[in-house]
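Could you put together the complete structure from these sequences and hints?
One letter stands for each residue in the lines below.
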Amino acid sequence: MSEVQRRKYSQVEKNSIFDGEFMPHIDSMYNFAYRLTFDEDDAKDLVQDTYLKAYRFINSFEQGTNAKAWLFRILKNSFINEYRKKSKQPAKVDYQEVETYYNSDDVDFQGTTDLRAESVKDMLGDEISNALNSLAVDFRTVIILCDLEGFTYEEMAKILDIPIGTVRSRLHRARNLLKEKLKGYAQHMGYDTEEEE
Amino acid sequence: MEMNEETSGSRKLRCDDTSKCFELLESILDGEMGDPGKEVLKEKLAKCQPCFEHFHLEQAIREVLKNKCTKQAVPKELAQSIREKLHDVK
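Same order as they appear, the protein sequences are chains A and B. For the first sequence, the working numbering assigns the number 1 to the initial residue and increments by one for each residue that follows. For the second sequence, the working numbering assigns the number 1 to the initial residue and increments by one for each residue that follows.
The hints are simulated quantities; they were obtained by calculation from the structure and are not laboratory data. Possibly wrong hints are sitting among the right ones.
The calculated lysine-lysine pairs, modelled on DSSO-like cross-linking and capped at a C-alpha distance of 27 Å, are [unchecked claim]:
hint: 1; chain 1: A; residue 1: LYS181; chain 2: B; residue 2: LYS71
hint: 2; chain 1: B; residue 1: LYS68; chain 2: A; residue 2: LYS121
hint: 3; chain 1: B; residue 1: LYS20; chain 2: A; residue 2: LYS121
hint: 4; chain 1: B; residue 1: LYS76; chain 2: A; residue 2: LYS44
hint: 5; chain 1: B; residue 1: LYS85; chain 2: A; residue 2: LYS8
hint: 6; chain 1: B; residue 1: LYS20; chain 2: B; residue 2: LYS66
hint: 7; chain 1: A; residue 1: LYS14; chain 2: A; residue 2: LYS158
hint: 8; chain 1: A; residue 1: LYS14; chain 2: A; residue 2: LYS53
hint: 9; chain 1: B; residue 1: LYS42; chain 2: A; residue 2: LYS121
hint: 10; chain 1: A; residue 1: LYS53; chain 2: B; residue 2: LYS42
hint: 11; chain 1: B; residue 1: LYS66; chain 2: B; residue 2: LYS38
hint: 12; chain 1: B; residue 1: LYS68; chain 2: A; residue 2: LYS68
hint: 13; chain 1: B; residue 1: LYS38; chain 2: B; residue 2: LYS12
hint: 14; chain 1: A; residue 1: LYS76; chain 2: A; residue 2: LYS53
hint: 15; chain 1: A; residue 1: LYS158; chain 2: B; residue 2: LYS66
From the derived model, a few chain B residues whose C-beta atoms are all more than 10 Å from chain A [claimed, not checked]:
hint: 16; residue: ASP35
hint: 17; residue: PRO36
hint: 18; residue: GLU43
hint: 19; residue: LEU45
hint: 20; residue: ALA46
Examples of chain A residues toward chain B, derived with CB under 7 Å [what the hints assert, rightly or not]:
hint: 21; residue: GLN48
hint: 22; residue: TYR51
hint: 23; residue: LYS121
hint: 24; residue: ILE128
For every residue, glycine included, the Cβ atom is placed at its ideal position computed from N, Cα and C.
See below:
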């Protein structure tokens, strides 16, 4: 935790912040944890650890600031430091490598005629969910934070410890990759994705 | 057929810079551009077919993501378990 300790809360204040500002976010926290770990038990542990850390470092939380963003940042860091190591996921993706690879122009989503809004609307929850889950964790994370949780770019920059410009470009690339996945599903399902005739 | 870009009421079929435009549209959809963004959006949607389609596709994707990927059922015992663990460390 890098924040400076701003003040000391009394026991009553601590409990009130914890119950009033931290606990209401448990649904979003669990959803995020589950989409990072893909495992119910790991997600539960991750959320639980995050809340215990939040309580332990509660003096570095400034009342009136965004508690949800603060909690998400702790959860993300816990995931990187502890869970990624032991999870069955492939080895840690190298940020730089990923950024460079997907930065090339040929991965840019080519036009919009090959995936239609209508076919996306018709997709099942599982297909959307699988497409999202299939993205590398760094790309998956920005989509979760932005589209599922509604964080602003500035909040995301703080949660992820990256500049706003990187948030914007990573998000753009993540969405291109997601569209490629969705296009795959749409084609598989026989939707009209291209004018082949 | 060459499409006259100046034809009133119709959109140009080619976007001059999809990469830049699409990233901008996404920022507008994310609410990052404020009121000036709304003006830019209005103009792009009225004048450019690829931007128009991209915008609606992006909007549809955001909607399905929000509706279909946020309903992970939280285990009932989780909140209680956190409170118990917390009680121990207090």
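Results for each hint:
1. A:LYS181 / B:LYS71: Within the cut-off at roughly 21 Å; holds.
2. B:LYS68 / A:LYS121: holds (11 Å)
3. B:LYS20 / A:LYS121: holds (25 Å)
4. B:LYS76 / A:LYS44: Given that 27 Å is the threshold and the Cα spacing comes to 11 Å, the pair holds.
5. B:LYS85 / A:LYS8: With a Cα-Cα distance of about 22 Å, the restraint between LYS85 of chain B and LYS8 of chain A holds, given a limit of 27 Å.
6. B:LYS20 / B:LYS66: holds (25 Å)
7. A:LYS14 / A:LYS158: holds (23 Å)
8. A:LYS14 / A:LYS53: Measuring from Cα to Cα gives roughly 13 Å; hence the hint holds.
9. B:LYS42 / A:LYS121: holds (23 Å)
10. A:LYS53 / B:LYS42: violated (46 Å)
11. B:LYS66 / B:LYS38: holds (22 Å)
12. B:LYS68 / A:LYS68: holds (21 Å)
13. B:LYS38 / B:LYS12: holds (20 Å)
14. A:LYS76 / A:LYS53: holds (12 Å)
15. A:LYS158 / B:LYS66: holds (22 Å)
16. ASP35: holds (16 Å)
17. PRO36: holds (16 Å)
18. GLU43: holds (18 Å)
19. LEU45: At about 13 Å from chain A, LEU45 of chain B clears the 10 Å cut-off, so the statement holds.
20. ALA46: holds (17 Å)
21. GLN48: holds (5 Å)
22. TYR51: Since chain B brings a Cβ to about 5 Å from TYR51 of chain A, closer than 7 Å, the hint holds.
23. LYS121: Hint on LYS121 of chain A: holds, closest Cβ of chain B at ~5 Å, below 7 Å.
24. ILE128: holds (5 Å)
Comparing the model with each earlier hint shows a violation of hint 10 alone; every other hint is respected.
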